[in-house]
Structure formats: structure tokens, C-alpha cells
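Number of protein chains: 2
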Amino acid sequence: MEDFNFCSRTKIVFGRGKENEVGLQVKPFADKVLLHYGGDYLEKNGILDRIVGSLKASGVEPVLFDGVVPNPRLSVVKEGIALCRKEGIGFILAIGGGSAIDSSKAIALGVPYEGDVWDFYTGKAEPETALKVGTILTIPGSGSEMSESSIITNEADDTKYGIDNALIVPEFSILNPEMCFTIPPFFMASGLADILSHQFERYFTPTKFCLFSDHLLEGAMQAVIALAPKILEAPQNYDYCAEFMWLATISHNGVLDAGRQSDWASHRIEHEISALYDITHGAGMAIIFPAWMKHVKSTDLDRFARLGTRVFGIDPNGRSKDEIADLTIKAVADFFASLNLKISLADAKVPTDRFDEMASKALGRSDAIGRFRKLAHDDIVAILKLAV
Amino acid sequence: MEDFNFCSRTKIVFGRGKENEVGLQVKPFADKVLLHYGGDYLEKNGILDRIVGSLKASGVEPVLFDGVVPNPRLSVVKEGIALCRKEGIGFILAIGGGSAIDSSKAIALGVPYEGDVWDFYTGKAEPETALKVGTILTIPGSGSEMSESSIITNEADDTKYGIDNALIVPEFSILNPEMCFTIPPFFMASGLADILSHQFERYFTPTKFCLFSDHLLEGAMQAVIALAPKILEAPQNYDYCAEFMWLATISHNGVLDAGRQSDWASHRIEHEISALYDITHGAGMAIIFPAWMKHVKSTDLDRFARLGTRVFGIDPNGRSKDEIADLTIKAVADFFASLNLKISLADAKVPTDRFDEMASKALGRSDAIGRFRKLAHDDIVAILKLAV
Numbered sequence: 001m002e003d004f005n006f007c008s009r010t011k012i013v014f015g016r017g018k019e020n021e022v023g024l025q026v027k028p029f030a031d032k033v034l035l036h037y038g039g040d041y042l043e044k045n046g047i048l049d050r051i052v053g054s055l056k057a058s059g060v061e062p063v064l065f066d067g068v069v070p071n072p073r074l075s076v077v078k079e080g081i082a083l084c085r086k087e088g089i090g091f092i093l094a095i096g097g098g099s100a101i102d103s104s105k106a107i108a109l110g111v112p113y114e115g116d117v118w119d120f121y122t123g124k125a126e127p128e129t130a131l132k133v134g135t136i137l138t139i140p141g142s143g144s145e146m147s148e149s150s151i152i153t154n155e156a157d158d159t160k161y162g163i164d165n166a167l168i169v170p171e172f173s174i175l176n177p178e179m180c181f182t183i184p185p186f187f188m189a190s191g192l193a194d195i196l197s198h199q200f201e202r203y204f205t206p207t208k209f210c211l212f213s214d215h216l217l218e219g220a221m222q223a224v225i226a227l228a229p230k231i232l233e234a235p236q237n238y239d240y241c242a243e244f245m246w247l248a249t250i251s252h253n254g255v256l257d258a259g260r261q262s263d264w265a266s267h268r269i270e271h272e273i274s275a276l277y278d279i280t281h282g283a284g285m286a287i288i289f290p291a292w293m294k295h296v297k298s299t300d301l302d303r304f305a306r307l308g309t310r311v312f313g314i315d316p317n318g319r320s321k322d323e324i325a326d327l328t329i330k331a332v333a334d335f336f337a338s339l340n341l342k343i344s345l346a347d348a349k350v351p352t353d354r355f356d357e358m359a360s361k362a363l364g365r366s367d368a369i370g371r372f373r374k375l376a377h378d379d380i381v382a383i384l385k386l387a388v
Numbered sequence: 001m002e003d004f005n006f007c008s009r010t011k012i013v014f015g016r017g018k019e020n021e022v023g024l025q026v027k028p029f030a031d032k033v034l035l036h037y038g039g040d041y042l043e044k045n046g047i048l049d050r051i052v053g054s055l056k057a058s059g060v061e062p063v064l065f066d067g068v069v070p071n072p073r074l075s076v077v078k079e080g081i082a083l084c085r086k087e088g089i090g091f092i093l094a095i096g097g098g099s100a101i102d103s104s105k106a107i108a109l110g111v112p113y114e115g116d117v118w119d120f121y122t123g124k125a126e127p128e129t130a131l132k133v134g135t136i137l138t139i140p141g142s143g144s145e146m147s148e149s150s151i152i153t154n155e156a157d158d159t160k161y162g163i164d165n166a167l168i169v170p171e172f173s174i175l176n177p178e179m180c181f182t183i184p185p186f187f188m189a190s191g192l193a194d195i196l197s198h199q200f201e202r203y204f205t206p207t208k209f210c211l212f213s214d215h216l217l218e219g220a221m222q223a224v225i226a227l228a229p230k231i232l233e234a235p236q237n238y239d240y241c242a243e244f245m246w247l248a249t250i251s252h253n254g255v256l257d258a259g260r261q262s263d264w265a266s267h268r269i270e271h272e273i274s275a276l277y278d279i280t281h282g283a284g285m286a287i288i289f290p291a292w293m294k295h296v297k298s299t300d301l302d303r304f305a306r307l308g309t310r311v312f313g314i315d316p317n318g319r320s321k322d323e324i325a326d327l328t329i330k331a332v333a334d335f336f337a338s339l340n341l342k343i344s345l346a347d348a349k350v351p352t353d354r355f356d357e358m359a360s361k362a363l364g365r366s367d368a369i370g371r372f373r374k375l376a377h378d379d380i381v382a383i384l385k386l387a388v
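The listed protein sequences derive, respectively, from chains Z and X. All residue numbers for the first sequence refer to the numbering used here, where the first residue is 1 and numbers rise by one. All residue numbers for the second sequence refer to the numbering used here, where the first residue is 1 and numbers rise by one.
There's no promise every hint is true.
Identical copies look the same in the list; a pair holds intra-copy or inter-copy alike.
Keeping only pairs whose Cα atoms sit at most 30 Å apart, straight-line, the calculated DSSO-like set for lysine-lysine is [to be verified]:
| hint | residue 1 | residue 2 |
| --- | --- | --- |
| 1 | K208 | K11 |
| 2 | K297 | K321 |
| 3 | K374 | K27 |
| 4 | K44 | K132 |
| 5 | K44 | K230 |
| 6 | K56 | K374 |
| 7 | K27 | K11 |
| 8 | K349 | K132 |
| 9 | K385 | K86 |
| 10 | K342 | K124 |
| 11 | K124 | K208 |
| 12 | K208 | K132 |
| 13 | K18 | K208 |
| 14 | K330 | K294 |
| 15 | K27 | K132 |
| 16 | K208 | K230 |
| 17 | K27 | K330 |
| 18 | K44 | K208 |
| 19 | K230 | K27 |
| 20 | K11 | K132 |
| 21 | K78 | K208 |
| 22 | K294 | K56 |
| 23 | K321 | K349 |
| 24 | K374 | K208 |
| 25 | K342 | K208 |
Honestly, the hints are just simulated from the structure, not real lab data. Since the structure is predicted, the reported quantities are computational estimates derived from the model, not experimental observations.
Please put together the full structure from these sequences, using the hints given.
Below you can see the structure in the form of C-alpha cells.
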């Protein structure tokens, strides 16, 4: 096991109607709060009204800031920073999924910083302080409601970069599974793919002995696979939505990979697809992960065989490790296909003429990405070709 | 899934030699700290010297308070409270296992309270404030290093009661797996039994649908069962000790049972054995759990069958659920026996003449204990008889 520090301070408030308590949660932090969200479903469903009502009842003044889109944009972040400064905002409340939360975290970093907030994402500067953030999660998958991550797209040059910093771990996150009842099937499927991909990134590790977290991750993956057909069949079943929501959170809050290195190369590669072609992140992961697996399979056949036998129910009898690994990769792709997600770039109508550019951007200023297997420029291009 | 709040704020500092950083961890909280511990191994191994050195290097004055024993005593707690008041102590540092930590939490509750600290344990009063606590874990098992629990024995009337309160969640816990190298085999085995019993208490639930946490708990139980023979064979293997330590912490910090009710009747019953006969808690759990299982088996045969097939590798083919449940209970007892623990009261030389008194004390002021199956006085006596 590797040395690690672990602290997961986000207060989770989980259950039916819990968004009605948001005023009580925000009040200790600020008297004036930015509500950052996107889409009209919050207004149509009356959710926004209830949130505003709860805040006002606790003596908190809400300032509305609509405009979040999937793959959240730097331009919107900058608009939010300006609004916070103008209004004297003391706390950011994100309402939505990963995009709203990541955008809110970026605003929280930018408000007290004199320079360009993008500096934090390109690594040019390190944040020293940030406004505090809370969330009301409506679209699970990203895990951003309990994570220290924020990923933003800069439309100016089609780059998509992330930051990990304890300053932006949410103070609280309100998780009401009823919010999932109105998630369209495609976004539900993308969320499931995102959750499984967060688990894969952690499962594929160069750390040699991690008995407990291997078992935890396998349990979590089994849960996604067991839940997926149930929730796609009955998307308004409260119990299924509750499991979906909690799976998303726990799979990305650091508890499943404490003491082991994670990979994250597939995420870096997918971000370039999302940045150029505005693909939903989870849907992009469903395309990239099987291709990544094919490319890196030989690095640790035992790991692939273990995944196949313990999580995907592949019978190892009479099969070589190589055969089991191939069946495992096929099972992963089949699972994503069972969610009605595209599993090739061609099916997703992603052109093949900018792979070199994507590889360069995925690498950023590094020579290689990934920890299970270090990937150089040519590896990334090869993976993108395998994804066609 | 049940509604829940979850917050796990303890900062975990995990790795080789991390106790040497304790001064940096304590300094933000206080300039004068009580070091509460027991046994002479800390002095013999030079651990105490290094801790004192780290504190002094950070400008923190340590006040030593030895005297913790297994099943920590109220009299020692009261002595510690008096010492803290006399010395103007601002922070309690527990060094040891569950006993040192639980005793430290009790002192932390008692210092700012004008009444008798035992009031909090009998439920006569609710704490409003407490000193803050940090821990250096040397004997894993209890999970107290990240939990809100403290359990204390009152020698005056042989009662053992616990309190659960967010005030006493440790601010930090330093986990150096090397500390496990010198744990005697019996205490290692008791720790493993305690961890598994914490998982069982959570697994046996009346909550109807908890797909994800079932899978997580099964993964955690599989990990204990896989680890036990390895670590008993090679107790100074760093990797095994690291898994042992982290398993103990995660199995009792609330993450594995968020959204599900836990049982805890077996723990209540075992506490009465420990209180009267000074049995080590984990060793007592190895005796009580198989007996409890026999008594409550019919409540939910499916749950027992699932445990047996998914965790203990029992082949369900051609067997009734009742047969699978019986084999599961036998497998549990066999596992505890494989740790060289006694699995009957007779073997542990516990007399059989005070079962009525133990049942009454276990009930306390309730009519029944347990949530998977509510146990009245006669049930508890029946379980104790099954444990003979």
C-alpha cells in the first residue's frame, strides 16, 4: 500500500426532499449566495422555487446565475466571477450535475484571485484561497459533489483542463434521489458509464498489493453492473435512484482508492474528445475505455483476468489469461453497449482527422500520461485509432 | 435506502513513520496536550520518546498519563479529567488501540462538564461540548480512530456503556502500519474478529434494498477472510499490516453502512461478558456472533444464504436455504477458530450462572435490542446458552 492522507469533510445530507433544508446548510457560511445552474428543468419542476424559498426562510439572499452547459465553459466561469464580485457574494451553491458543480468550483477559485482563473487549470498558478461551495446534486455521475476536482473547457483554444485541490471540496452536498426521476435515459446511461470509468481508473494501478481496495472496487463495480438494467427499466424507482446517486459519490470521493495509485490516462484522452466535439463525458468514456484496455492489456494480464472473473463473471476454466483478458474487454464494451451508448468514435460521429492534435493536448506539458501504463504521444494516437 | 447524514471529518495520515509528524498535527489545536496510553511497549520500543520529541519540536508541551487497560475504566477516565483540569490541557492525544482512544474520548467529554461524565454513557445527560481528540493508532480493530463512539466500563457496578456523538470524532488519526509489527498474535486475532463483527453488524439489516452497500460489505468481509491467514503467518509484513489497519478504520467509520440500519445487539451482549469477565472484546465477539446467528437465522434466511455463497464460498447447488444458512454459521465459527480464538464460553472459561443479570444489563432501560431482529430478555439468555 502507498502512503496517503485522506480527509473527506463534505457533509452529505441524503434523502427525500432534503433540498428544502438548504437554507439551514448555507446560513452558517454566508448571507448572500450565488445559485449557479443550467437548463430550464429546475424552473419547470419547481425545484428552483423551493430552493429560493428555503434560502430566504433562513435569511439568505440568493443571486441567480443560469447558463451552465455540459463541458462547462471558461467564459461562463468568468461571468460568474464578475457577478460574485459585483454582488459581494460569500458562498456558491451549485445546483445540477458535474458541469454546474465544476463551474461553481472554478468561480469559487476565481473570485479572490487577481489573475486569470485559467492559470490554476494550466498549472501556471496555485490557488491560496477560495470561496466555499455547497451543492444540490440533480444529475449524478461525476462525483464532483464530494471531490476536490473541477474540469473546465476553454472555448478560446478548445482545451479542457482540470484541477485537484482541497480548497474546492464542497462543504455540504444535498442528495435527494427523487431528483433523478426526470433525468433523460441518455444522461442516466452516461452517468453510469462515468461511475464505472471512475472505478476502472482506480482499479488499474501499478501499486502491487492492495487487497482491501481491490475487493471494495470489485464490489462497487458489481453494484453498477447489477443496478444498470434495473434503473434503465424503472428510472423512477426511488431505491434504484438512491443507489445510483450514492454509487456516483463514493466512487469518486477518494475512499475506494486510498493507498493505491490510479491511472487517469483515459480521462485525459476523453477530455480532448469532449473539448473538440462536445460529447457528454460519460458517453465518451464508454468509447475510450475499451480502446485503452486493448492497448494496455499486456501490461498486467492478471489484473484483466481478475476483473473479468470477479466482476464480469467470466469462467476462467480452460482459458489462457490472454483469452480471459480479451473476453473481459469485450464484456466491458458489451456493458456500455447495453446502456445504449455508442462504443466507437465512428458511431458517435467523431471525425478521425485530429488525433495528433488531441494527443498533444492530452499530454499537455508532460511526456507521458497514466500510471498503470505510461502513454506517450504515439500510444494515445494508437488508442484513438482503436476507438474508431 | 434509508435517509442519512454522513460526514467523516477525521484527517487520516497513513504511512511509515508518520507518528513523527504528530507535533505538526497537534499544534493548530493546543500548546499543551495530554498523552493518554497504556502498557510499557510504547516506552520499550522508543515510540513514546519519538512522539514527545515531535511534540516538543513543534512547541507543544506533553503531559503523560499512563494507565489505560483493555475495557477502559471509568476510574481512570476521572483521574484523566482531573489531571486535564489541573494542567490546563487543551487537546487529548490517544496512543494505542480502542481502549486508549475510547478512554481519551471520555476524558475529552468530561473536562468541560460539571457533572459526572458517566451521565453521558447512561443517557442521563447529553454533551454540549468536548475537548478535541487526536490519535496515534498502535492496535487496530476497534475503528475508534475514525468513529464517534466511546465505550467505557464502570467497575463500581460492572456495567459497560457506550456513547455515539460527533463531538468525539478524532480530528486526526496517524496510522503507521509498522506499529502492528509488535502486536501479540492473540490481539491480532481479536482485532480481525472485531473488524469482521463490525461488518456483520452492518450486513444484518432490516433495510430492504441496499444493493451498493451489500456489495461493499461483502468486499470488505472477503478482504478480512483473505488477509487473516496471511497476516497471522507473517505478522511483520508491512503490506499485510497496512491492509489490516485500513480495514479496521473503514469498517467502522460509517461509510460501509450509509443508508442502511445496523443491528448491534451482539455487541451489546458481548459488552456484558467483557464487563464481568474482562474478556478482550474481539475475542468475545467470536463467541457471541455464531450463537446470535443461530438464534436469529429464521428472520431472513436469504441474507444468511447470500453471506454464505458470496463471502464464504458455499456452493448453493442442491441445498435448501436453511442448509446453506447452517453451513454459513459453521463457516463463521470455523473462521474465528482458524484465528486460534475460543468459540465457546466454556472454552473461554466464562461461567454460566449470571446470564439473567447479563441480559438485564444488556437491555439497559430498553425492552429490546437489535434492529435486524429485536431481542428481548429471553432471547438474550437463549443466545448466551447457545454460546456455551
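Using 30 Å as the alpha carbon limit, work out where K374 and K27 are close: within a copy, between copies, both or neither.
neither (46 Å within a copy, 40 Å between copies)
At most 30 Å between alpha carbons: which applies to K230 and K27, within, between, both or neither?
Close neither inside one copy (38 Å) nor across copies (51 Å); limit 30 Å.
Given identical chains, is K374 near K208, meaning Cα to Cα at most 30 Å, within a copy, between copies, both, or neither?
Classified as within; 16 Å inside a copy, 44 Å across copies.
With 30 Å as the alpha-carbon cut-off, assign the pair K208 and K132 to within, between, both or neither.
This pair counts as neither: shortest intra-copy Cα distance 37 Å, inter-copy 37 Å.
How would you classify K56 and K374 at a CA-CA limit of 30 Å: within, between, both, or neither?
For K56 and K374, neither the intra-copy (51 Å) nor the inter-copy (44 Å) Cα distance is at most 30 Å.
Could you place K27 and K330 in one of the four classes (within, between, both, neither) given a Cα distance threshold of 30 Å?
Neither way: K27 and K330 sit 50 Å apart in one copy and 54 Å across, limit 30 Å.
Alpha-carbon proximity between K78 and K208, which holds within one copy, between copies, both or neither at 30 Å:
Cα proximity of K78 and K208: none, with 43 Å in one copy and 47 Å across.
Tell me, please, which holds for K294 and K56 at an alpha-carbon limit of 30 Å: within, between, both or neither?
neither (54 Å within a copy, 55 Å between copies)
Please sort K27 with K132 into within, between, both or neither, judging by C-alpha distance up to 30 Å.
both (12 Å within a copy, 25 Å between copies)
Between copies, within a copy, both or neither: which fits K342 and K124 at Cα up to 30 Å?
The answer is neither: 36 Å in one copy and 61 Å across copies each exceed 30 Å.
Classify it for me, K44 with K132: is the Cα-Cα distance of at most 30 Å met within a copy, between copies, both or neither?
Classified as within; 28 Å inside a copy, 47 Å across copies.
Using 30 Å as the alpha-carbon threshold, which applies to K44 and K208: within, between, both, or neither?
Classified as neither: same-chain Cα gap 51 Å, cross-chain 33 Å, threshold 30 Å.
Hint compliance for this structure: hints 3, 6, 8, 9, 10, 11, 12, 17, 18, 19, 21, 22, 23 and 25 are not met, and every other hint is.
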